[in-house]
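Throw the hints in and build the complete structure from the sequences for me.
Each chain, written out:
Number of protein chains: 2
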Amino acid sequence: MKKGLSAFPLTPLRAGEVDENTWLSLIENIAGAGVDSIGVLGSTGSYAYLTREQRLRVTRLALEAASGIPVITSIGSVRVEEILHLIDDAQQAGVSGVLMAPVSYQRLNVDEVFDLYDRVTRELSVPLCIYDNPATTGFEFSDALLIALSNLPAIGSIKLASFTSERIARLKNSLPAGVSIGVSGDGQAASGLLAGGDVWYSVLAGLFPHYSRALANAALTGDHVKTRQLDSALQPLWAFYQRHGSLRVIATVAEMMGKVSAPCLPFPLQTLKGEERLLLQETLSSLSFLD
Amino acid sequence: MKKGLSAFPLTPLRAGEVDENTWLSLIENIAGAGVDSIGVLGSTGSYAYLTREQRLRVTRLALEAASGIPVITSIGSVRVEEILHLIDDAQQAGVSGVLMAPVSYQRLNVDEVFDLYDRVTRELSVPLCIYDNPATTGFEFSDALLIALSNLPAIGSIKLASFTSERIARLKNSLPAGVSIGVSGDGQAASGLLAGGDVWYSVLAGLFPHYSRALANAALTGDHVKTRQLDSALQPLWAFYQRHGSLRVIATVAEMMGKVSAPCLPFPLQTLKGEERLLLQETLSSLSFLD
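Chains Y and S, in that order, give the protein sequences.
Counting with full-length UniProt numbering, you get residues 1 to 291 for the letters of the first sequence.
Counting with full-length UniProt numbering, you get residues 1 to 291 for the letters of the second sequence.
If several chains are the same, the list does not tell them apart, and a pair holds so long as it fits within one copy or across any two.
Computed cross-link-like contacts, SDA-like style, restricted to lysine to any residue with a CA-CA straight-line distance of at most 20 Å:
1. Lys2 - Ser162
2. Lys273 - Arg107
3. Lys273 - Pro263
4. Lys273 - Gly245
5. Lys273 - Phe114
6. Lys2 - Asn217
7. Lys3 - Ala195
8. Lys273 - Asn109
9. Lys3 - Phe163
10. Lys172 - Phe141
11. Lys259 - Glu17
No lab work stands behind these hints: they were computed from the structure.
Following this line, the structure appears as structure tokens:
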């Protein structure tokens, strides 16, 4: 999970239950594109809406279909007792790493977040990726906190949902060796990789792994011209992400392409409707190079 | 739940489990002060950190100890399937109403929030209180949405975590008859009631129901002078609320008074430490009129 391209697929639902055959197809498509890892049950994978049993089943199926590509899974939960169960499940299933955002109901303070990761990492025999996503957690990691946490055993990576090039440069100078910097937020991923990010935790790659592979390769080899060219072509898609969030957009695209059955999101989350759906359909037609 | 003083107690935990005897003591203390309703498992009651089984047990115990005072309980959950189970549990236990904030992992949009309440209210045989608390949900209700939702059957009240006097006046003119306006955020409750709020959903009353009863009575009868006097005396406490959130403060006070065993909050949430705890102890000494 520490380098390269990590694909974060949707978990397709059908009436609240995981659509298992569709899930296997999504994983096989990703594995066939030669990504470096697969991040199941990320935010895009709707982990927060699924039961422990559903999460274990999804992780196991992914491991079966991943053709040996490393699989990471989320262990995030508001309840720490649930986190500890999820760690057991994930490690026994055979994941290569885990991902955790400091989700809570009450917004956490710095001491609480530190103690949470300190507690959790004691249980881990695989690396943990710290997930910094203020939009879903209400908590913003300072650089100082990320650096302090990265010195805990078992921390393998940091996934940043928002960043500047300067922040990536600062963190690269300060994090312990062996802790990679990952960028998420597809629309800024190219910039993040060119600025020194090690891994793209990619929503796009969950559905379009081949194009994402090409974009990641260009950015990770420092080919600025090709990176900008491949990224610019996707600007119309990033504009939808901005308005609706990446999850609703990629889920709508998956529905429109027949890759998942509609509605695929956990209620009450909804894919795009009305005019925005029609506009996205038009945009998608103009992005026929995506495969 | 629609009028007067509604007390929202802590749910005291001990190593992750509900401390049942302490819980019964808290409820008996509240019931003895003659509050108008008891709101168990609100934000202050840590509902989001407890299992379905724990929530049912807490609700049942409260009903046993409430001496006939109406009990309302929270049915909030990120998973809609869980919400439907919680409704069943609460209604079978015999609550007089339920409370629900639009908690989610992904921030919801207006259509999603409307559909959520629309779905949930179909299952209800008791009134629902809409809980508007952007700090925990990331969602801000517009007045227009509150008015639209209030026309759904089963909506009985609205609990506003932040408001202005003007907002309360606007809503009072626009909500259907029978839907009350509740104010929460203890530090602004006096202003909210004087501006026309019908009910104080009160954290303070969970621990200090007698003083809260006096303050609510003064405000609900329009006695501005007495209300301001009783409220002003608590300014030092509201200052701690501002810095740490009401939950951490009231939990610390409860620990310091020996009303609950420490630590009483769900991990990783923490009561105050170090100098802030000492300062709160001093403040509490100066508030000896609280009982």
